[in-house]
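S.K.: Here's the letter readout for the chains.
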Amino acid sequence: MKQNTLSYKIKQYFMFAGPGTILFFCVVIVPFIYGLYLTFTSWDGVSSTKPWVGLSNYAAAFADKDYWAALGRTAIYSVFAVVLINILAFFLAYLVTSGVKGQNFFRSGFFVPNLIGGIVLGYVWKFVFNRAFVALGSAIAGGTAPSLLSTPNGAMFCLIVVSVWQYAGYMMLIYVAGFMSVSEDVKEASSIDGCTASQTMWNVTVPLMRASFVQCLFLSITRCFVVYDVNLSLTKGEPFGSSVMAAMHVYNQAFTYKNYGLGQAEALILFVVCAIVGVTQVMIGKKGEVEA
Amino acid sequence: MKKTLALMLALVMVLALAACGGKSGGSGSSSSATLTIFNSKMEIQSQMEEMAKKYSQEKGVAVEVYYSSDTVAAHMATRYASNDPYVLAMVDAKDIYSLGAEHAVDLSGEKWVGDTTQAISVGGKVLGFPVCVEARGILYNGDAIKAATGKDFDPSTIKTTADFQKLIDEIVAGGMTLPVGLQKEDWSLGAHFLQEVYELHDDPDAFIAGIKDGSIKVADDKVFNSLMDTFDVLKAYNYAKDAPISAEREVTEMMLAEANLCFKFGGNWDWSNMVGTNYTEHLGMMPVPSDLDGYNTKLVGGGSKYFFIDNTVSAEQQQAAKDFLNWLVYEADGQDFLVNQCALVPAFSNITLSVSDPLGASVKSYADKGALVGNYNYAPDDHYAKLGASFQKYLAGEIDRAGFADEITAYWATAEVGAH
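Chains A and B supply the protein sequences, listed in that same order. First residue of the first sequence? That's 1089 in this note's numbering, and the numbers climb one at a time after it. First residue of the second sequence? That's 6 in this note's numbering, and the numbers climb one at a time after it.
Be aware that one or more of the hints could be misleading.
[As the list claims (entries may be wrong)] Cross-link-like lysine-lysine pairs, in silico, DSSO-like; alpha carbons within 27 Å at most:
hint, chain 1, residue 1, chain 2, residue 2
1, B, K58, A, K1324
2, A, K1214, B, K217
3, B, K222, A, K1153
4, A, K1214, B, K327
5, B, K327, B, K369
6, B, K240, B, K59
7, B, K327, A, K1324
8, B, K391, A, K1214
9, B, K164, B, K391
10, B, K164, B, K240
11, B, K217, B, K398
12, A, K1214, B, K59
13, B, K164, B, K327
14, B, K240, A, K1324
15, A, K1153, B, K369
16, A, K1214, B, K240
17, B, K327, B, K46
[Claimed, not checked] Examples of chain B residues lying across from chain A (beta carbon under 7 Å, computed):
hint, residue
18, L104
19, A106
20, V177
21, Q397
[To be verified] So these bits of chain B aren't anywhere near chain A, every CB distance computed over 12 Å:
hint, residue
22, R84
23, D100
24, D111
25, S113
26, D157
27, T165
28, E204
29, A320
30, V378
31, G393
32, A394
Hints are computed from structural coordinates only; laboratory data are not their basis. We treat Cβ as the ideally placed atom computed from N, Cα and C, and that holds for glycine.
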């Protein structure tokens, strides 16, 4: 049988990639298209009729001040969280590949937060912020110290801290792989050429690890933009609705306020924003990638 | 060989496609005869599960009870979006108005309709079965008050804000400097306290319409100011007044139950968190003090949590659900379940079992003498969240009363009251 005919190729494709393609189609493409359709309706989420309203949901989404405030807040949160996650993850990775005693233990230790679900993590930290820190603060300052979670800036700060704690270990693993992939040869060569340890680091190791940076930034940016679980369990959007992130606003809009079409339109805008940011970042990152 | 392989592949693909296109009737495991019940009262979930087992055995009907911590409306929306409704769903009153007309079975012909005043009718049809009566007001701990003032506490002596302030002064003089607890939750502030501003008007609809067309200034409204005066007293003596937004509901409830506080704004549902504490004997509920004659002697409340039967499930399931509702109202086991095991205040006049918890007993005594102001169930779904957030700002001292009134006015400029 010839192996370069079209029918052979199609058969081969379906044999190996068929199940995956079908699943992807069923759980991603179909819901996406259906969701797109819903943005053109004024469905309330429970009714059996879905009245067609054209583009008015998009007009409403662009006019929804709360949504844009939430999106702006998410952008600020993401900038802080992404930068801190990556700095911390990079140094943790450096630490656990530098040959300290018990580095395998540290590796798994730093990774554990990522294994705890975001919801549980949020409740655990809520307890820490509301009880442990308050008790500590009250003991030191006297009186009842307000919880960090009760002020708008404090709540944002808490969200960032918890996200960093959650994702740093995961990103660390990718950086660890990056560190390991840099061959000892080039490092040795650079030190023979007279580089100090930090020069080797910044001029040899880091450029060769560029792929890890691109990957970690992409993962952390996209995850931060759609953060929901930690947001829900840690702050629930409080105080005064000042920590409602974009995903939570979309959920409330669609399910709690029963504007399903509008919520769906806002979700789509969030998706587009997320995609633009993520793809731009990957494109910029890939451009300067060095082949070892 | 190759042909069989191709055939098998084709089969797998067809199956996979069929699986994602199919519409399943009931929820995954349950057959078409199962009575699926959605429970939205977290505190009675274990009782519900136990009851389901017993009921299944005695009546031969398979019963499954589900619970979700989601907002009720949101959970129902996801179930209807996945075309997988419950046979019998316990929802909030407002959900009956929003879902009922389209999804609920007409229950007008049921016997229990004649034994309650709290059933919900939409368009002339009875659609909602009242699960229980709940009411809002000031929770008090008579033992804590007595310890501070040295006198037995009689809630009927407190009517106006001035009476309340005077009593608090006595308590403060008696040694408890901060005797009040206030919740920061948006539902407590927005859906419970603020909502009283509408409910204590003779015509809440006219009041809201007045805000909308500008003929009523919230900041000048008598009811609003009177209730906010009382709220200011509560706020000034809040035990967590340095950090009101950090106060935790469970802690506040425990402090009240154990006589470390004298008052808390809340309702008889608070009992579920107090029953496990080392509570003292003389707990109860009284109306929110205000200068509104005729209203300051009444709690605000009524039917809370309603069952409705979905109209798309099989006739057999609908009948099973109707039988279940009758069992709750008319059979000794059902009444015992409602009143004794779940500690709910029944909404049916034929049930004479006495309510065991002190807050529920208070509510029942007010309900029995007709001293309940009805709930206003038609605020939009985002009302409690948006104005609850504004109320939180007021509680935290971020905005003053005028600022709060402005936010209420701004909210109603675009919000629409639900159909009723």
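S.K.: Hint by hint, say whether it matches the structure.
M.R.: Evaluated hints:
About 35 Å separates the Cα atoms of B:K58 and A:K1324, which puts this hinted pair outside 27 Å; it is violated. Distance check on the hinted pair: A:K1214 and B:K217 sit about 39 Å apart at the alpha-carbon level, beyond 27 Å; violated. Under the criterion of a C-alpha separation no larger than 27 Å, the hint pairing B:K222 with A:K1153 is consistent with the structure, at around 25 Å. The hinted pair formed by A:K1214 and B:K327 fails the criterion: a straight-line CA distance of about 43 Å is larger than 27 Å.
Restraint check for B:K327 and B:K369: satisfied, since their Cα atoms lie roughly 26 Å apart, inside the 27 Å limit. Only pairs whose Cα atoms come within 27 Å are accepted, and B:K240 paired with B:K59 is rejected, the gap being roughly 47 Å. For a cut-off of 27 Å, the pair hint linking B:K327 to A:K1324 is broken: about 38 Å separates their Cα positions. Between B:K391 and A:K1214, the direct Cα distance comes to roughly 23 Å. Compliance with the 27 Å bound is thereby established for this hinted pair.
For the hint pairing B:K164 with B:K391, the CA-to-CA distance comes to about 31 Å; that exceeds 27 Å, so the pair is violated. Using a Cα cut-off of 27 Å, the hinted pair B:K164 and B:K240 holds, with the two alpha carbons roughly 18 Å apart. For the given pair, B:K217 sits about 23 Å from B:K398 by alpha-carbon distance, which is consistent with the 27 Å threshold. A C-alpha spacing of about 39 Å is found between A:K1214 and B:K59, which places the hinted pair above 27 Å, so the restraint is violated.
About 43 Å separates the Cα atoms of B:K164 and B:K327, which puts this hinted pair outside 27 Å; it is violated. Between the alpha carbons of B:K240 and A:K1324 the distance comes to roughly 23 Å, so the proposed pair stays at or under 27 Å and holds. At most 27 Å may separate the alpha-carbon atoms for a hinted pair to count; A:K1153 and B:K369 exceed this at roughly 45 Å. Note on A:K1214 and B:K240: the hinted pairing holds, with a Cα-Cα distance of about 25 Å set against a maximum of 27 Å.
The suggested pairing of B:K327 with B:K46 holds, with an alpha-carbon distance near 20 Å, which does not exceed 27 Å. For B:L104, the suggested interface contact is upheld, since its CB lies about 6 Å from the closest CB of chain A, less than 7 Å. Residue-level restraint check for B:A106 is violated (minimum Cβ-Cβ distance to chain A is 10 Å; threshold 7 Å). The interface hint given for B:V177 is violated, since its Cβ lies 18 Å from the closest Cβ of chain A, which is over the 7 Å cut-off.
At its closest, the beta carbon of B:Q397 sits 5 Å from a beta carbon of chain A; the interface hint therefore holds under the 7 Å criterion. For B:R84, the shortest C-beta to C-beta distance to chain A comes to about 9 Å, within the 12 Å cut-off, and the non-interface label is violated. Once the 12 Å rule is applied to beta carbons, B:D100 is inconsistent with being away from chain A; the minimum gap is 9 Å. At roughly 17 Å, the least C-beta separation between B:D111 and chain A is larger than 12 Å, which holds for a residue marked as non-interface.
Once the 12 Å rule is applied to beta carbons, B:S113 is consistent with being away from chain A; the minimum gap is 22 Å. The claim that B:D157 is not at the interface with chain A holds, since no C-beta of that chain comes within 12 Å of its own (minimum 32 Å). For B:T165, the shortest C-beta to C-beta distance to chain A comes to about 31 Å, beyond the 12 Å cut-off, and the non-interface label holds. No beta-carbon of chain A comes within 12 Å of the beta-carbon of B:E204; the shortest separation is about 22 Å.
Separation of B:A320 from chain A is adequate, the least Cβ-Cβ distance of about 19 Å exceeding the 12 Å criterion. Listed as outside the interface, B:V378 is consistent with that label: its C-beta sits roughly 26 Å from the nearest C-beta of chain A, beyond the 12 Å cut-off. Consistency note on B:G393: stated as away from chain A, yet its beta-carbon is not over 12 Å from all of that chain's, at 8 Å minimum. Residue-level check failed: B:A394 sits 4 Å from the nearest beta carbon of chain A, not beyond 12 Å.
Hint compliance for this structure: hints 1, 2, 4, 6, 7, 9, 12, 13, 15, 19, 20, 22, 23, 31, 32 are broken, all remaining hints hold.
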